[in-house]
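Asker: The lines below spell out each chain.
2 protein chains.
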Amino acid sequence: MNPKIQDYLHTNREAHLKELTEFLSIPSISALPEHKDDVRRAADWTAQALENIGMENVKVYETNGHPVVYGDWLKAEGKPTVLIYGHYDVQPVDPLHLWDSPPFQAEVRDEKLYARGASDDKGQTFMHLKAIQAVLETTGTLPVNFKFCIEGEEEIGSPNLPLFTEENKDLLAADVLVISDTGMIEKGKPTICYGLRGLCGLQIDVRGAKSDLHSGLYGGGVQNAIHALVDIVNSFHNENAEITVEGFYDKVLPLTDEEKEAYAALNFDEETVKQELSVSDLYGEKGYTYLERTWVRPTLEVNGIYGGFQGEGIKTVLPAEAHAKITCRLVPNQDPEEIVELLQKHIKAHTPPGVEVTTKLFDKGAPFLTPFDHPAIQAAGRAYEKVYEVPTSYTRGGGSIPIVAAFDQILNVPIVLMGFGLPTENFHAPNEHFHLENFDKGMLTLCHYWYELEKSI
Amino acid sequence: MNPKIQDYLHTNREAHLKELTEFLSIPSISALPEHKDDVRRAADWTAQALENIGMENVKVYETNGHPVVYGDWLKAEGKPTVLIYGHYDVQPVDPLHLWDSPPFQAEVRDEKLYARGASDDKGQTFMHLKAIQAVLETTGTLPVNFKFCIEGEEEIGSPNLPLFTEENKDLLAADVLVISDTGMIEKGKPTICYGLRGLCGLQIDVRGAKSDLHSGLYGGGVQNAIHALVDIVNSFHNENAEITVEGFYDKVLPLTDEEKEAYAALNFDEETVKQELSVSDLYGEKGYTYLERTWVRPTLEVNGIYGGFQGEGIKTVLPAEAHAKITCRLVPNQDPEEIVELLQKHIKAHTPPGVEVTTKLFDKGAPFLTPFDHPAIQAAGRAYEKVYEVPTSYTRGGGSIPIVAAFDQILNVPIVLMGFGLPTENFHAPNEHFHLENFDKGMLTLCHYWYELEKSI
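These protein sequence lines map, in sequence, to chains E and L.
Counted the way the working numbering counts, the first sequence spans residues -10 to 446.
Counted the way the working numbering counts, the second sequence spans residues -10 to 446.
Worth flagging that the hints you see were computed from the coordinates, not collected in a lab.
Be aware that one or more of the hints could be misleading.
Which copy is meant is left open, because identical chains are indistinguishable; a pair holds if it fits in one copy or across any two.
Stated by the list, open to error - Here are the computed lysine to any residue pairs in the SDA-like style, where the Cα-Cα straight-line distance is at most 25 Å:
1. Lys275 - Phe257
2. Lys178 - Asp(-4)
3. Lys334 - Glu228
4. Lys304 - Leu280
5. Lys304 - Asp194
6. Lys337 - Asn229
7. Lys263 - Glu310
8. Lys304 - His417
9. Lys349 - Pro151
10. Lys176 - Ala254
Let's have the full structure, built from the sequences with the hints guiding it.
Answerer: What follows is the structure, given as structure tokens:
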């Protein structure tokens, strides 16, 4: 990589920070209707910034909610195309009095930039623009093609982006999708999250007699709705905390040896988790470590249960109804639709006599995985290592990022989550900030990444 | 029995009803402080009524609440002593507008006496007085000795009677305790309830992590408090609905062949219960009928369960705590203290890793049983049959009457529950009434009973 690129970033640091400060000054809170115009202003600002760095076909696309900003540069003929996703909307700022400086007046303290959106995600989106500008202005060209898709509804669950993506499949077609909206595992440890769990679930409603009964008069004679529910819920796991729903694990991708090594290399300390959560023991599926259980193994958790009397003391009632809410975290290649069917079949098979059981389905999300050894992932790892000079950590996430799953399904493209945030940077909370060390190193990493990608895919 | 006794009852019927109407006109609602003086008036009225029929040592005993009225007649030397328990207090009358006649102005309609307390329990208590008076005035003596203990707090749970009984053990000592405060199984079927279940229970509180956790980040890694609770609760029963707590059944008295026959003779219709409760199946401990399960077998019921998210839809939380309230209905000779200890031991043995479990104990009550073949029970059965001319039904009750258990434990006396009420008579509800057929036949039955008792015990 041309050493002038690094010089360019160094020379223009103050100008970049000034420009980012302007971006951060727009209170583009997508959740609050009174900020609708601000969200629009941030979209326009983003479009202008894309124009400024040399992107073409820049356009603010209308949706049923806040707009999507698009722009591209497609002059690297025969080279891969990178789609960059980010978002220009931010979280609300309440409670305002807990902020040490105004959330929309960015302030640098102790080499950290404080503002709402500094890290999530205006700061990280902005880095992509400036890294590309640095390469383009320094070398007169770019090693790969670029498309930008910057939305304004991520903080409210991206309600319109899946449809936009579906309707603009060709526009967004790419060889790799890069998202910088996650974090590094800890300071100084560059991290690539290459898989996320999906989600499906349902509510179980058990109905026994037509009303609650006197436990003296009827107790022992008729089914207790809570007993029936507990029977069903208990049947989901065996004594090894394995899920006993038939077929549940059938499509689960096994952990590869490389992945096992990568996780072991993280030197993850389970003791710290125990202390953090104040539990005497961690617990879960036999034969797997804590990280494996939370990253690569599916789960079935009861999120809520209720039935009968909940007040102080005792009421000797035999409850007529009982309810449980359960969700499964799914891993590649489990199919949420299929798992829900297996769950329903299991519930039916395990319903004891004397009660009626119905279920209500919850929203579903597919799991996501870009294979660990995918060239786009490995290229990102090498780019990080060039700048941070330590081995890249390869992780998976136990949660879901709905838009990642949607992109995965609609665009069918490898996705690289290159996050530069830190777990301590108060995402969604007062005093959100961004470590400028990662602002500087991150942009350099991105520049390296484009050149690595050119060679790899 | 001297046929003049029946004539006496017949001749004095109008006078008796007039006198009972006076008793029923006192609004002695023990639950309402504004009726304190009325409750006292009813105590004084009862004391005067005892004097009037020839009882001696009549006294209104003070307690920490409403008073207890005592009186005796102990001139049947060498004969058994009968203690009669009743109560002169009544339930509140709300909602007043649902009464077809004023609750404290007794009115006869269609051979039923309508008033609050007509059946529960002023009417039934009054019958004892008048039956004794009939025998005494007709024959000049009584075949057995009598003691009366009429309280004014039954409708608020008899808070002071156990202490009063404890402190007046000698005063109340008797060979048999007769209570007319229950009902006949149906019209025309005289019924003796010779056993009641006891009660004990506890709340199970499960605590996992220090707070609810994100089910994506932590799911599969740590114990879910609801899962742990469900494990424990599920461990209480096996697939035959038998209770698996070690030692739970050890002291349970088996059903005798005579009892089995007596229950079979009731021709109880399980289909009717299914329809009444709107359930497709009845359910319970294998090998026992519905009546056996609700009358003579102990139970363990979850009365309430709660933990995690209970709102609309889904919250992907891994709950930090979960709670269940359980109670056991106990049968002779189970000891509530011992059963609670067995439950706690069981819970401890079935607590899965990763959670802390604590318990809170609820109030306890012992089961009660006067053996089915006890001469005092069989004598009552014969007395009924002489008047009603059908076989007496022998039943047990699935619920508890706390004061019965207390008498049983403190006085250690056989207890005969000779109820003359009917299940349809609106106890505790608007339009409480009493069938005058049972008022007439009941008094005659009591007179026969005293003579049967004289011969039997």
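Asker: So, for every hint listed, does it hold in this structure?
Answerer: Hints versus structure:
1. Only within a single protomer do Lys275 and Phe257 lie at most 25 Å apart by alpha-carbon distance; the minimum there is 18 Å, versus 51 Å between protomers.
2. Taking identical chains as interchangeable, the C-alpha atoms of Lys178 and Asp(-4) lie at most 25 Å apart only when both belong to the same chain, with a minimum of 24 Å there against 104 Å between chains.
3. Proximity of Lys334 to Glu228 under the C-alpha cut-off of 25 Å is found in both arrangements, the shortest distances being 21 Å within a copy and 20 Å between copies.
4. Taking the closest pair of Cα atoms, Lys304 and Leu280 come within 25 Å of each other only across two copies (23 Å); inside a single copy the shortest separation is 43 Å, beyond that limit.
5. With identical chains, the CA atoms of Lys304 and Asp194 are at most 25 Å apart both within one copy (22 Å) and between copies (17 Å).
6. Taking the shortest Cα distances, Lys337 and Asn229 sit within 25 Å of each other both inside one copy (23 Å) and across copies (19 Å).
7. In the homo-oligomer, the alpha carbons of Lys263 and Glu310 lie at most 25 Å apart only across protomers (16 Å), although the nearest pairing inside one protomer, at 36 Å, exceeds that limit.
8. Within a single copy, Lys304 and His417 get their C-alpha atoms only as close as 43 Å, which misses the 25 Å cut-off; across copies the closest is 18 Å, which meets it.
9. For the homomeric pair Lys349 and Pro151, the shortest alpha-carbon distance inside one copy (24 Å) is at most 25 Å, but the shortest distance between copies (51 Å) is not.
10. In the homo-oligomer, the alpha carbons of Lys176 and Ala254 lie at most 25 Å apart inside one protomer (16 Å), although the nearest pairing across protomers, at 81 Å, exceeds that limit.
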